[in-house]
Amino acid sequence: MSLPVPPLLAYAARRVVQAIPIIILIMIGSFLLIKLAPGDTVDALVGDMGGADPAFVARLRAEYGLDQSVMVQLWRYMLKLAQFDFGWSYVYEQPVITVLTSRIGNTMLLMVSSLAVAFTFGVALGAIAARRAYSWTDNMISTLGLVFYAMPSFFLSLLLILIFSVKLGWLPVGGIRTIGAFKTGWADVADVARHLVMPTAALSLIYLAFYMRLMRTSVLEVMDLDFVRTARAKGAGGARLMFHHVMRNALLPVVTLLGLQFSTVLGGSVIVETIFSLPGIGQLAYTSVVKRDLNTLMGIIAISSVIVVIVNVVTDLVYAWLDPRIELK
Amino acid sequence: MTVPDTSLASASVPEMNPAPARALVLWRRFRRNRAALLGLILFAIVVLMAAFADVVTPGDPLRNAGPPLTAPLVLSANPLGTDQLGRDVMAGIFHGARISLMIGVVATLISIVIGIVIGAVAGYFGGKIDGALMRVTEAFQTIPSFILLLTLVAILGSSIRNIVIAIGIVSWTAPARMVRAEFMSLRKREFVDAARNLGVSDVSIIFREILPNALPPVIVFASVVMATSILMESALAFLGLGDPNFASWGNMIGQGRAVLRTAWFCSVIPGIAILLTVLSFSLMGEGLNDALNPRQRK
Chain A
1 MSLPVPPLLA YAARRVVQAI PIIILIMIGS FLLIKLAPGD TVDALVGDMG GADPAFVARL
61 RAEYGLDQSV MVQLWRYMLK LAQFDFGWSY VYEQPVITVL TSRIGNTMLL MVSSLAVAFT
121 FGVALGAIAA RRAYSWTDNM ISTLGLVFYA MPSFFLSLLL ILIFSVKLGW LPVGGIRTIG
181 AFKTGWADVA DVARHLVMPT AALSLIYLAF YMRLMRTSVL EVMDLDFVRT ARAKGAGGAR
241 LMFHHVMRNA LLPVVTLLGL QFSTVLGGSV IVETIFSLPG IGQLAYTSVV KRDLNTLMGI
301 IAISSVIVVI VNVVTDLVYA WLDPRIELK
Chain B
1001 MTVPDTSLAS ASVPEMNPAP ARALVLWRRF RRNRAALLGL ILFAIVVLMA AFADVVTPGD
1061 PLRNAGPPLT APLVLSANPL GTDQLGRDVM AGIFHGARIS LMIGVVATLI SIVIGIVIGA
1121 VAGYFGGKID GALMRVTEAF QTIPSFILLL TLVAILGSSI RNIVIAIGIV SWTAPARMVR
1181 AEFMSLRKRE FVDAARNLGV SDVSIIFREI LPNALPPVIV FASVVMATSI LMESALAFLG
1241 LGDPNFASWG NMIGQGRAVL RTAWFCSVIP GIAILLTVLS FSLMGEGLND ALNPRQRK
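Those sequence lines, one after another, are chains A and B.
The first sequence: position 45 = 45 (the working numbering), numbered continuously.
Positions in the second sequence are counted from 1; adding 1000 to them yields the working numbering.
No lab work stands behind these hints, which were simulated from the structure alone.
Not one of these hints is a red herring.
A short, non-exhaustive set of chain A residues, derived as facing chain B with CB atoms under 8 Å: (1) Pro21; (2) Ile26; (3) Leu33; (4) Leu36; (5) Ala37; (6) Tyr149; (7) Ile161; (8) Leu162; (9) Thr264; (10) Leu266; (11) Val270; (12) Ile301; (13) Ser305; (14) Val308.
Here the structure is a predicted model, which is why all the values come from computation and not from measurement.
All residues carry an ideal CB built from backbone N, CA and C; glycine is no exception.
Let the hints inform the model, and build the full structure from the sequences given.
What follows is the structure, encoded as structure tokens:
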């Protein structure tokens, strides 16, 4: 009597269920981190008030549930997190979730544009290098990849600012929009895009190098396989062989890496967003550390973990869809 | 009783020194790779800079050593120039090499040790232990490592010791997965069965029988961990969250950012130092990998 569930949907559901213990572990971990930090919420409040008598402090502790056992506190903490209640930010005088939601769009914009650039150029350059393996072009591309890989993003950001903002004056040094311009429609889109050029370049270059190297190896491997020889024997040559037969298969490991690295890219946004003063989650993480805003930091950890889990599930689905050999069981 | 003894002794003679021979073979293969050799030379330069920092540029690298914002190649006392506080850039580069190497080595050791223990236990025992440990590993991989690093530094405080520990804590997951995979394929081998039948304890099997065989890829991977550790420390220092008592390349770049328009060399010189150091690790790692798996390369 049960309804036939599409296998891809069932697979997605199973992947989501698998992610639950990981999210719970992260919740427990962030609770432990809060307990590890010197002082608690009440200490911060009392410090803000400039001191209070012990009876009042004890009443505050009871009110915040800090007199309960650790297990009870953990349980309450997890319940709150599950409702996306990350507490109050004493720096921004707002609930943490409000601060996060106002900034998450910018970070996602930077993530998507950086990964898109890294993926497109990485795949293209890797495929070109593999087709002309061990030639001058290949050596050139591979050397460039090594340099990109070794380039710290903050150094690259400064170099870009030095060249394109200070010397040439082509691009704005920071921010997400021109302050006080109040552009609308396409003019606004173009303005945001102009502000995103350098941050995107700075964040994507190292991953571009990763994808390029992986794509090069992957294409070289696939080109040796029997079905490619068959296709070639049947007369497929040049572009058709490359795009239709080789690339589709060679892309699989690159897609996996894209999902695996999403969390690292999110971490990298801290540096890039701080340098280019992009009001996103990464910059928020930096200011929270400087201002000791632990609630906001924990909120960032929670929200970015959820995003990473979602991205990983989506990547797995894309992978399953790309590679029919994978059994959705 | 003497007969088996002598035969044993004579049989073991040719095997007395397999290690140096193997190392020699590896070195020959490594030497053939020009890129790897370049990496080794760059690395040697960084090590020499760290070793002779007190000889070439004696004294505290953070002291005022000349007129502020002197360009490179102007004063013989400050060949690479000075920053806005008159600190000698060359002294910072030499002493910064020490900090970078120290942090790279210690943080890598910490992360590799954690990775080996967790990966070995998970891969050797399998089952529920493996499941639980892998969930923990995945949880660590899910949290963006740089954000976790910031949080740890915010909570523990940013002394150099805490920074090293924090970097170790955020980078053990990849080595752990690697060791686990090696252990899973090795634990079914005959020599492990043999050891188990002889009554060797689990701990002994893990560390004495399997680990030496599982180690080579982990050692190659250590060069990657070392590079990322150095990058993480310099990124922290760049953001001003490093230990202010030590000269660090990242910190120099961060400070140089304020004078980027007028004195670009304050941030570009340490930037190139980081770039070349990380490059040396990638080149050496690749050369080592090719030397260990000669068949992989065409």
